[in-house]
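There are 2 protein chains.
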Amino acid sequence: MNVRAQNQANLAGTGSEGFVADYLLFLLAAASDAASEDFHAQVRAQGLRVPEWRILACLSDEDGQMITQLAQLALMEQSHLTKIIDQMATKSLVTRRSDAKDRRRVRVYLTGAGRKQGADLVAAARAHEMSIIERLPPGEAATLKEGLKRINALYGTGMAGVAKADQMETPA
Amino acid sequence: MNVRAQNQANLAGTGSEGFVADYLLFLLAAASDAASEDFHAQVRAQGLRVPEWRILACLSDEDGQMITQLAQLALMEQSHLTKIIDQMATKSLVTRRSDAKDRRRVRVYLTGAGRKQGADLVAAARAHEMSIIERLPPGEAATLKEGLKRINALYGTGMAGVAKADQMETPA
Numbered sequence: 035m036n037v038r039a040q041n042q043a044n045l046a047g048t049g050s051e052g053f054v055a056d057y058l059l060f061l062l063a064a065a066s067d068a069a070s071e072d073f074h075a076q077v078r079a080q081g082l083r084v085p086e087w088r089i090l091a092c093l094s095d096e097d098g099q100m101i102t103q104l105a106q107l108a109l110m111e112q113s114h115l116t117k118i119i120d121q122m123a124t125k126s127l128v129t130r131r132s133d134a135k136d137r138r139r140v141r142v143y144l145t146g147a148g149r150k151q152g153a154d155l156v157a158a159a160r161a162h163e164m165s166i167i168e169r170l171p172p173g174e175a176a177t178l179k180e181g182l183k184r185i186n187a188l189y190g191t192g193m194a195g196v197a198k199a200d201q202m203e204t205p206a
Numbered sequence: 035m036n037v038r039a040q041n042q043a044n045l046a047g048t049g050s051e052g053f054v055a056d057y058l059l060f061l062l063a064a065a066s067d068a069a070s071e072d073f074h075a076q077v078r079a080q081g082l083r084v085p086e087w088r089i090l091a092c093l094s095d096e097d098g099q100m101i102t103q104l105a106q107l108a109l110m111e112q113s114h115l116t117k118i119i120d121q122m123a124t125k126s127l128v129t130r131r132s133d134a135k136d137r138r139r140v141r142v143y144l145t146g147a148g149r150k151q152g153a154d155l156v157a158a159a160r161a162h163e164m165s166i167i168e169r170l171p172p173g174e175a176a177t178l179k180e181g182l183k184r185i186n187a188l189y190g191t192g193m194a195g196v197a198k199a200d201q202m203e204t205p206a
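Residue numbers (our numbering), protein chains in the order written: chain A, 35 to 206; chain B, 35 to 206.
Excised from the complex, chain A in its bound form:
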């Protein structure tokens, strides 16, 4: 079988596909890269980096989050996140304030400019997401999201991770 025939067989799912074509980690990475590419270009066109967009989105959902929560949601190490937050503070997108009840804990808040840019980008992200969902068979996106949430639940990432991080930070 030549290369093209092999590829077409793979696409047709005739059972002759190799390892990579059906490998969960490859499918996840390829789908994530592909679906994100054009939206991330929109983010960069607004002068933001992807982690900055993620932080704006998280704070738009819930302002005043702590670094540990944001690190989970922005999918990065806490040390890296701290640097990004510093840069966002310099750009006047966020401010940091001590927690009212526990002065040792720092919460991150949107500024007016951060709130505006976050709201605009969340609206753009919703539109972009809808443009993907509309091209899938009815119900497919909901099923896919459910499967992805199960993977995240296995690893305690995503919202499951946030709850965990929150629990760790909550004094006994």
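No lab work stands behind these hints: they were computed from the structure. One thing to keep in mind: the hints can contain errors.
Straight-line distance between alpha carbons at most 30 Å, and here's what the computed BS3-like set of lysine-lysine pairs gives [as the list claims (entries may be wrong)]:
hint : chain 1 : residue 1 : chain 2 : residue 2
1    : A       : 179       : B       : 125
2    : B       : 179       : A       : 183
3    : B       : 117       : A       : 179
4    : B       : 183       : A       : 183
5    : B       : 117       : B       : 183
6    : B       : 150       : B       : 135
7    : A       : 150       : A       : 125
As the structure is a prediction and not an experimental result, all values here were calculated from the model.
Could you slot chain B onto chain A? The hints should help.
Chain B in isolation, oriented as in the chain A frame:
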């Protein structure tokens, strides 16, 4: 509602979740990062970088692929891939040879050492994948893979992209 109650509401899916918790691109990125993390640590422990592992896996499926095909599968720009292939050639994991029919086209082949390391890592990847699948409800992994393949098909990535790249390279 305090932060923890909010997170628990999110986890319970009570409908009070914000944008990020149900955003397809976030769920994809979080699931991909989470599921890959420990396997990629195994890859690095063998002295390989993740793109090198992806190339070994692709060539283990089908030896003698062209750079355009490999770039699709290894999820990277062709210029970056060319550098990685150079480094892998220096490490004696792959060799490059001109296509028998068209000398201008270069194909990448595994060396004996590359084939061995590729086979070992594919076996480890299969075991790792199975450890994830086993923790999901029956049938969930197949459904999830189907959804991810649909996303990749929308974007012409994954195997769909390989077929496309192959078509572009095939002289008329």
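Hint check, failures only: Of the numbered hints, 1, 3 do not hold.
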